[in-house]
Amino acid sequence: MTLTRMRVIVVYTLRSCIGPKRWLGCLLPCVGALLFGLLSRTLNEEAANAFSRVAADGIFALVVPIGALVIGDAVLGAEVRSGTFHFTWLTPTGLTQIVVGRWIGGTIVAFVTIVPACALAALIAGDSQAVGASVIASAFGASAYIAVFIAIGCVARRAAVWSLAFVFLVERLLGAALTGIAQWSPTWESRAVFVDFAPGSANSLVRENIPVGAGAVVRLMLITVIGLAVARWRLSRLQLTGAAD
Amino acid sequence: MTEPVVAPNDPAFASNPTVVVTNTSVWFGQKVALSELSCSFGPGVTGLLGPNGAGKTTLMRAITGLIPANQGTVRVDGRNPRGDRNVHSFMALVPEDEAVPPGLTARQLVRYSADLRGVRDRDAPARALQEVGMLDAADRRVDGFSKGMRQRTKVAAALVADPTVLVLDEPLNGADPVQRAHLIDLFRRLGAEGRTVIVSSHVLNEVERLADRIIVVVHGRLAAAGNQRAIRDAMNDRPRHVLIRADDRRRLASALIGLDSVAGVQFDTDTLVVATSRAAELATSLPVLARDLSVRLREVRPLDDSLESLFRELVR
Numbered sequence: 029m030t031l032t033r034m035r036v037i038v039v040y041t042l043r044s045c046i047g048p049k050r051w052l053g054c055l056l057p058c059v060g061a062l063l064f065g066l067l068s069r070t071l072n073e074e075a076a077n078a079f080s081r082v083a084a085d086g087i088f089a090l091v092v093p094i095g096a097l098v099i100g101d102a103v104l105g106a107e108v109r110s111g112t113f114h115f116t117w118l119t120p121t122g123l124t125q126i127v128v129g130r131w132i133g134g135t136i137v138a139f140v141t142i143v144p145a146c147a148l149a150a151l152i153a154g155d156s157q158a159v160g161a162s163v164i165a166s167a168f169g170a171s172a173y174i175a176v177f178i179a180i181g182c183v184a185r186r187a188a189v190w191s192l193a194f195v196f197l198v199e200r201l202l203g204a205a206l207t208g209i210a211q212w213s214p215t216w217e218s219r220a221v222f223v224d225f226a227p228g229s230a231n232s233l234v235r236e237n238i239p240v241g242a243g244a245v246v247r248l249m250l251i252t253v254i255g256l257a258v259a260r261w262r263l264s265r266l267q268l269t270g271a272a273d
Numbered sequence: 161m162t163e164p165v166v167a168p169n170d171p172a173f174a175s176n177p178t179v180v181v182t183n184t185s186v187w188f189g190q191k192v193a194l195s196e197l198s199c200s201f202g203p204g205v206t207g208l209l210g211p212n213g214a215g216k217t218t219l220m221r222a223i224t225g226l227i228p229a230n231q232g233t234v235r236v237d238g239r240n241p242r243g244d245r246n247v248h249s250f251m252a253l254v255p256e257d258e259a260v261p262p263g264l265t266a267r268q269l270v271r272y273s274a275d276l277r278g279v280r281d282r283d284a285p286a287r288a289l290q291e292v293g294m295l296d297a298a299d300r301r302v303d304g305f306s307k308g309m310r311q312r313t314k315v316a317a318a319l320v321a322d323p324t325v326l327v328l329d330e331p332l333n334g335a336d337p338v339q340r341a342h343l344i345d346l347f348r349r350l351g352a353e354g355r356t357v358i359v360s361s362h363v364l365n366e367v368e369r370l371a372d373r374i375i376v377v378v379h380g381r382l383a384a385a386g387n388q389r390a391i392r393d394a395m396n397d398r399p400r401h402v403l404i405r406a407d408d409r410r411r412l413a414s415a416l417i418g419l420d421s422v423a424g425v426q427f428d429t430d431t432l433v434v435a436t437s438r439a440a441e442l443a444t445s446l447p448v449l450a451r452d453l454s455v456r457l458r459e460v461r462p463l464d465d466s467l468e469s470l471f472r473e474l475v476r
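Just so you know, the sequences run in chain order C and Y. For the first sequence, the numbering used here assigns the number 29 to the initial residue and increments by one for each residue that follows. For the second sequence, the numbering used here assigns the number 161 to the initial residue and increments by one for each residue that follows.
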């Protein structure tokens, strides 16, 4: 029954939560990823070096979070705001199943949009050896981001605003200055995964005192679990007052 | 938690309750939506009445666990709907909101509800849609439906798991007269089968047709409870108006004005309208008076026994 309900929630997420506009909203950052791939070709550097710098500052700091924001907000927060979440909440389905099911649905969408776009960007950049690293970093990064944005969607009504504030103020601004924040930032950690796994990456991108490679993957998984736990906790305290309120 | 003191025949409390609301208060910031409300609901149809903003929807949301009670308790079959998710295997809500999940057909939405509630019968969604007259439109997308069709689809999604407690917030909104009659029959049948059906509606004559029992909520408080007549009887200190059509109106009017139970008499073109605060007493003395005066009574009927007028008095 648990698995059946989980499957039902995943299918519902794909069918109903991600509408045509969301797909478009998700595909735009993917196009951006491809453009970043092209951009790296214009740099007068070795392909691996150039792409790693473009990927670090463009793909993992911009494309992945924006794409994941579109998906992460759609799978739960947008539904709570629109007043249709009661169709799921008013069932005997466990709250953990709901949160995990929605996250799986969102991750599937990310895996067919953001991740292939990041891999393709590496190919366009002429750095085929970075494809694997790009896939791993974007997959774990997007998964973590989706969990974080699901949590923000459960906590705040203006989820998109708070999510953007998280990405640009907390991660980019504070994360750049404070290693303690960067250690728990999907941007910095997915970048650390990529830099460690992609052969020939620019050494200057390795940041001290934050996990890299497999350690960063584990850290991204931890961020995912924490995001889902916060969403689960918040869901049990949610007041579903309807769309009109 | 202080339990409410319940008189043996307190009409606010059902004799065999499945849903019990005890001293429940709900507030949103400074706004108090429910204030120390206590009542219960048992098998059969109970109508929930009140003006806009009275707290009906808040009460329904508290009963189904969508919002927590800031104070007091809500129990459904002895369980807390906020904490015990198994409550939702036998309770369903049809909310007033028009919002429906986009991209799904009616069949997919009802199937979704069935699957999450553990309904194994693959034909159950079709039966539920048939029940509300939506089978023909089952494979059309719900976000393209009219308001009435959305409401009926939501009713089907609620009925698919055969709930024993059904909470319906304005379920007849947008339905045409034929559909309304059909849904009213359906809800009455569900109540007659022993389910606890709680229905709110702003169309008062529908509530009269629907509900065995009525609970009136005004300003978040319980204003009255019981059947229509019981509520009226509980308001005996309020003036009521009785229309009388008789042969000799002037003679009858002058005699009526002398009765203690009559507060005033008003002449209309061919009728009398008597204001009384003691309707039962008037009902006894009027035939005696007419016989003594040899006045023939052609028609006697209360003018304000409809729920609408009752409601106006309650919220005044």
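Keep in mind that the hints were calculated from the coordinates and are not lab data. Any given hint might turn out to be false.
Unchecked claim - If you want the footprint, here are the derived chain C segments under chain Y, 3+ residues with CB under 8 Å: (1) 96-105; (2) 113-121; (3) 262-269.
Glycine included, C-beta positions come from ideal geometry on N, C-alpha and C.
Hint check:
1. 96-105: The restraint on the stretch 96-105 of chain C is violated, since only 0 of its residues have a Cβ under 8 Å from chain Y and three are required.
2. 113-121: Answer holds; 8 residues pass the 8 Å Cβ test.
3. 262-269: Coverage by chain Y holds here, the residue count being 4 at a Cβ distance below 8 Å.
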